[in-house]
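Enquirer: Work out the full structure, taking the sequences as your base and the hints as a guide.
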Amino acid sequence: MLKPLGDRIIIEPVASEEKTASGIVLPDTAKEKPQEGKVVAVGTGRILENGERVALEVSVGDRIIFSKYAGTEVKYDGTEYLIVRENDILAVIG
Amino acid sequence: MLKPLGDRIIIEPVASEEKTASGIVLPDTAKEKPQEGKVVAVGTGRILENGERVALEVSVGDRIIFSKYAGTEVKYDGTEYLIVRENDILAVIG
Amino acid sequence: MLKPLGDRIIIEPVASEEKTASGIVLPDTAKEKPQEGKVVAVGTGRILENGERVALEVSVGDRIIFSKYAGTEVKYDGTEYLIVRENDILAVIG
Amino acid sequence: MLKPLGDRIIIEPVASEEKTASGIVLPDTAKEKPQEGKVVAVGTGRILENGERVALEVSVGDRIIFSKYAGTEVKYDGTEYLIVRENDILAVIG
Amino acid sequence: MLKPLGDRIIIEPVASEEKTASGIVLPDTAKEKPQEGKVVAVGTGRILENGERVALEVSVGDRIIFSKYAGTEVKYDGTEYLIVRENDILAVIG
Amino acid sequence: MLKPLGDRIIIEPVASEEKTASGIVLPDTAKEKPQEGKVVAVGTGRILENGERVALEVSVGDRIIFSKYAGTEVKYDGTEYLIVRENDILAVIG
Amino acid sequence: MLKPLGDRIIIEPVASEEKTASGIVLPDTAKEKPQEGKVVAVGTGRILENGERVALEVSVGDRIIFSKYAGTEVKYDGTEYLIVRENDILAVIG
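Top line first, the protein sequences correspond to chains A, B, C, D, E, F and G. Going by full-length UniProt numbering, the first sequence opens with residue 1, and the numbers climb by one from there. Going by full-length UniProt numbering, the second sequence opens with residue 1, and the numbers climb by one from there. Going by full-length UniProt numbering, the third sequence opens with residue 1, and the numbers climb by one from there. Going by full-length UniProt numbering, the fourth sequence opens with residue 1, and the numbers climb by one from there. Going by full-length UniProt numbering, the fifth sequence opens with residue 1, and the numbers climb by one from there. Going by full-length UniProt numbering, the sixth sequence opens with residue 1, and the numbers climb by one from there. Going by full-length UniProt numbering, the seventh sequence opens with residue 1, and the numbers climb by one from there.
Hints are computed from structural coordinates only; laboratory data are not their basis. Cβ coordinates follow ideal geometry from the N, Cα and C atoms, glycine included. A portion of the hints provided could be inaccurate.
[To be verified] When the alpha-carbon atoms are kept at most 25 Å apart in a straight line, the in silico DMTMM-like pairs for lysine to aspartate or glutamate are as follows:
{"hint": "1", "chain 1": "F", "residue 1": "K38", "chain 2": "F", "residue 2": "D77"}
{"hint": "2", "chain 1": "G", "residue 1": "K3", "chain 2": "G", "residue 2": "D62"}
{"hint": "3", "chain 1": "C", "residue 1": "K75", "chain 2": "B", "residue 2": "D88"}
{"hint": "4", "chain 1": "C", "residue 1": "K38", "chain 2": "B", "residue 2": "E80"}
{"hint": "5", "chain 1": "F", "residue 1": "K75", "chain 2": "D", "residue 2": "D77"}
{"hint": "6", "chain 1": "C", "residue 1": "K38", "chain 2": "D", "residue 2": "D7"}
{"hint": "7", "chain 1": "B", "residue 1": "K38", "chain 2": "C", "residue 2": "E49"}
{"hint": "8", "chain 1": "F", "residue 1": "K75", "chain 2": "F", "residue 2": "D7"}
{"hint": "9", "chain 1": "D", "residue 1": "K75", "chain 2": "D", "residue 2": "D7"}
{"hint": "10", "chain 1": "B", "residue 1": "K75", "chain 2": "A", "residue 2": "D62"}
{"hint": "11", "chain 1": "E", "residue 1": "K3", "chain 2": "G", "residue 2": "D77"}
{"hint": "12", "chain 1": "D", "residue 1": "K68", "chain 2": "F", "residue 2": "E80"}
{"hint": "13", "chain 1": "F", "residue 1": "K3", "chain 2": "F", "residue 2": "E52"}
{"hint": "14", "chain 1": "G", "residue 1": "K38", "chain 2": "E", "residue 2": "D77"}
{"hint": "15", "chain 1": "A", "residue 1": "K75", "chain 2": "E", "residue 2": "D77"}
{"hint": "16", "chain 1": "B", "residue 1": "K68", "chain 2": "B", "residue 2": "E80"}
{"hint": "17", "chain 1": "D", "residue 1": "K3", "chain 2": "D", "residue 2": "E49"}
{"hint": "18", "chain 1": "C", "residue 1": "K75", "chain 2": "C", "residue 2": "E12"}
{"hint": "19", "chain 1": "B", "residue 1": "K68", "chain 2": "B", "residue 2": "E49"}
{"hint": "20", "chain 1": "C", "residue 1": "K68", "chain 2": "D", "residue 2": "D77"}
{"hint": "21", "chain 1": "G", "residue 1": "K38", "chain 2": "G", "residue 2": "D77"}
{"hint": "22", "chain 1": "G", "residue 1": "K38", "chain 2": "E", "residue 2": "E80"}
{"hint": "23", "chain 1": "G", "residue 1": "K75", "chain 2": "F", "residue 2": "E12"}
{"hint": "24", "chain 1": "D", "residue 1": "K68", "chain 2": "D", "residue 2": "E12"}
{"hint": "25", "chain 1": "E", "residue 1": "K75", "chain 2": "G", "residue 2": "E12"}
{"hint": "26", "chain 1": "A", "residue 1": "K68", "chain 2": "B", "residue 2": "E80"}
{"hint": "27", "chain 1": "F", "residue 1": "K68", "chain 2": "G", "residue 2": "E12"}
{"hint": "28", "chain 1": "A", "residue 1": "K38", "chain 2": "B", "residue 2": "E49"}
{"hint": "29", "chain 1": "D", "residue 1": "K68", "chain 2": "F", "residue 2": "E73"}
[As the list claims (entries may be wrong)] Among chain B residues calculated to face chain A with C-beta under 10 Å, some are:
{"hint": "30", "residue": "A15"}
{"hint": "31", "residue": "A41"}
{"hint": "32", "residue": "I47"}
{"hint": "33", "residue": "T72"}
{"hint": "34", "residue": "I83"}
{"hint": "35", "residue": "N87"}
Expert: Structural data, given as C-alpha cells:
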C-alpha cells in the first residue's frame, strides 16, 4: 500500500454518481471547485517549529471534500488515487 | 452534516432580500465587496507554532460579513454553502 | 452593531469638510494617499505564535489616519463604514 | 499632534538647501535615492512573536536618511510630513 | 558515494518496466506527474528554529513516489541519480 | 558621521585601481557581480524573534566583498558611501 | 584569504577533466545543472530565531556538488572562486 509522508493524505476520489447519493452536488461556476473523496491513508502529520508533530484531523475512511485542483494523481494496483496535503481538505462529511 | 477542518467555517450566504432587513446594504463599487452570511459550522481552529490550537472567534448561528470572493462553494442536501477561512470573516453583526 | 474580528477595526471615514477643521490636509500626489477617520469598533487583537493576544493600539473614538486604499466598505443602518486591519492605520491624531 | 502606530515614524523632510548645510549630497543615479529628514514623532515599536515590544532605534529630533520612495505624505497644521516604518530609515546623522 | 545535505535525499529513479511490476502506473495527464524511485542516501534532516534536527521519514532502500519535476539530476559511477528534498517525496510504497 | 540602523553597514567602495592591489579581480560575466569596499560604520544588529540582538560579523575597517547591486548610495562630506544590509556582504578579505 | 559570512561557503569549481576522474558526469539536459567543486572556506553558520548558530555541514577540503547557477564569482590571487550559500550545496562526495 502507499504510505503518505508528513501532512499528506491519499484520497480515492468519488465518481459523480456517488456524489448525488451522498447529497453533495458540486456547482459548475467560475469559483474554485471542490471534489468529494474517501481517505485511504494519512501521513504522520507536519512538524511544528518547536519539534511537535501535529496529527492529522482526518482519519482513514472519512468522506471529505477537497480542492479539485489540488494534489498529484497516481494509479496503484489498478485504482486511481490523489495525494493531497491536509490543507487542501475543506471539510469532512459526517 | 459538513465538518470544516482547521480554521475553516461553513457559511450559508444570506440572500439580498434578507440583507435589507438586517440593515446591511452592500455598495457596488470597485472596492472589495463584502457579503453577509450565517455561520453553520466551525472548525477546531488553527495550530500555532507552539502547538496550541486557537479556537475560532465566531460561533454557529453568528451573522457575519465576509469577503465576497473568498471560499469554495458547495451544495449539500439542496442548500448552497461557502467554506471560508476565519481570516476571510470581517465582522460579526451583533 | 458590527464587531470586527482579530486585528480589524471599523472606521467611519471623515468627510472632506471635517478634515480641514482638524488641520489635516491630504495632498493629491502619486504617493499612497492617507485618509482621516474615526474608530467606531475594534477587534480583540491578533494572536502571536506563543498564544498571546495583542490588544490593539487604537481605541473607540480615536481620530486616525489610514491608508486610503485599504479595507472593505460596508453600509450599516444607513452609515458607510470601512473595515481595515490595524496595520493599515498610520497614526492617531491626538 | 500625530502619534504614529507600531514601528512607524513621522518625519519632517529636509529641504534641499538644508541638505547642503549638513554635508549630505544625494546623488541622482539609477540607484534607490535616499532623502534627509528630522524625526518628529516615533511609535511604540513593533511586537515580537514572544510578545516583547522593541523600542525604536531613533528618537525625536534625530536627523536621519531614509528611502525616498518610502512612506505616506500627510499635511498637518500647514506642515508636510512623511509617515514611514523604521525599516525605511537607513542611518542617523550624528 | 554521495552524501546529501540537510533534508535532501538521493534517489535512483525506477525505469518504466519496473513500474509496471510494482503495480504503479503513472498517468499522462495535465496534472503534476509523480515518478517512482528507490532511496539510495538520506541527509541528516532539516534544523528547526529551536535548534532541533528532524530526522527524515524515509530510509535507504525505501521505494517512493516523488514529484517528477523536482530535483537535480546527477550521474555518478555510471548511474543516474536525482537529488530531491524530502518535501518532494509524496509517499512510500510499503 | 553616519550611524546605520539595525543590520545595516556603511561601506566606502574601493576604486578599481585598489582592487588590483589587494588581489581581487572581479569578472565581467552574466553572473551577479561583487564589489570590494571598506566598512566605515556598522549598525547594532538585527533583533531575533526572542528579543536578542545579533551583533554584526563585520567590524569597522574590514575589507569586504559585497553584492554590486545592493544598497543605497549617499554622499557625505564629499565622500561617496553605500548603505547595505549585512546579508549583502559576501566575505571579508582577511 | 577570503572569509565568508554566515552560511556562505567559498568553492573552487572543479574543471571538466577532474570531473571525469572523480566519477561525476554532469548531464546536459533541461533540468537544473549541478556542478562539482572543492570547499576552500566556510562561514560561521546561520543564526536561528532562538539565537543559536548552526555550524555548516561541510568542511574545508570537502568535494561537493552544488547548483550550477548559484552564487557569485570572484577572482582572488589569480584563482576563480564561487561564493554560495550552504543551501545551494546538494551533496558531499565522500
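Enquirer: If a hint holds in the structure, say so; if it doesn't, say that too.
Expert: Here is what the structure says about each hint:
no. : hint          : result
1   : F:K38 x F:D77 : holds, 17 Å
2   : G:K3 x G:D62  : holds, 17 Å
3   : C:K75 x B:D88 : holds, 18 Å
4   : C:K38 x B:E80 : violated, 37 Å
5   : F:K75 x D:D77 : violated, 33 Å
6   : C:K38 x D:D7  : holds, 21 Å
7   : B:K38 x C:E49 : violated, 29 Å
8   : F:K75 x F:D7  : holds, 20 Å
9   : D:K75 x D:D7  : holds, 20 Å
10  : B:K75 x A:D62 : holds, 19 Å
11  : E:K3 x G:D77  : violated, 31 Å
12  : D:K68 x F:E80 : holds, 18 Å
13  : F:K3 x F:E52  : holds, 20 Å
14  : G:K38 x E:D77 : holds, 19 Å
15  : A:K75 x E:D77 : violated, 33 Å
16  : B:K68 x B:E80 : holds, 15 Å
17  : D:K3 x D:E49  : holds, 24 Å
18  : C:K75 x C:E12 : holds, 10 Å
19  : B:K68 x B:E49 : violated, 30 Å
20  : C:K68 x D:D77 : holds, 20 Å
21  : G:K38 x G:D77 : holds, 17 Å
22  : G:K38 x E:E80 : holds, 22 Å
23  : G:K75 x F:E12 : holds, 20 Å
24  : D:K68 x D:E12 : holds, 13 Å
25  : E:K75 x G:E12 : holds, 20 Å
26  : A:K68 x B:E80 : holds, 18 Å
27  : F:K68 x G:E12 : holds, 21 Å
28  : A:K38 x B:E49 : violated, 29 Å
29  : D:K68 x F:E73 : holds, 12 Å
30  : A15           : violated, 16 Å
31  : A41           : holds, 8 Å
32  : I47           : holds, 5 Å
33  : T72           : holds, 5 Å
34  : I83           : holds, 5 Å
35  : N87           : violated, 13 Å
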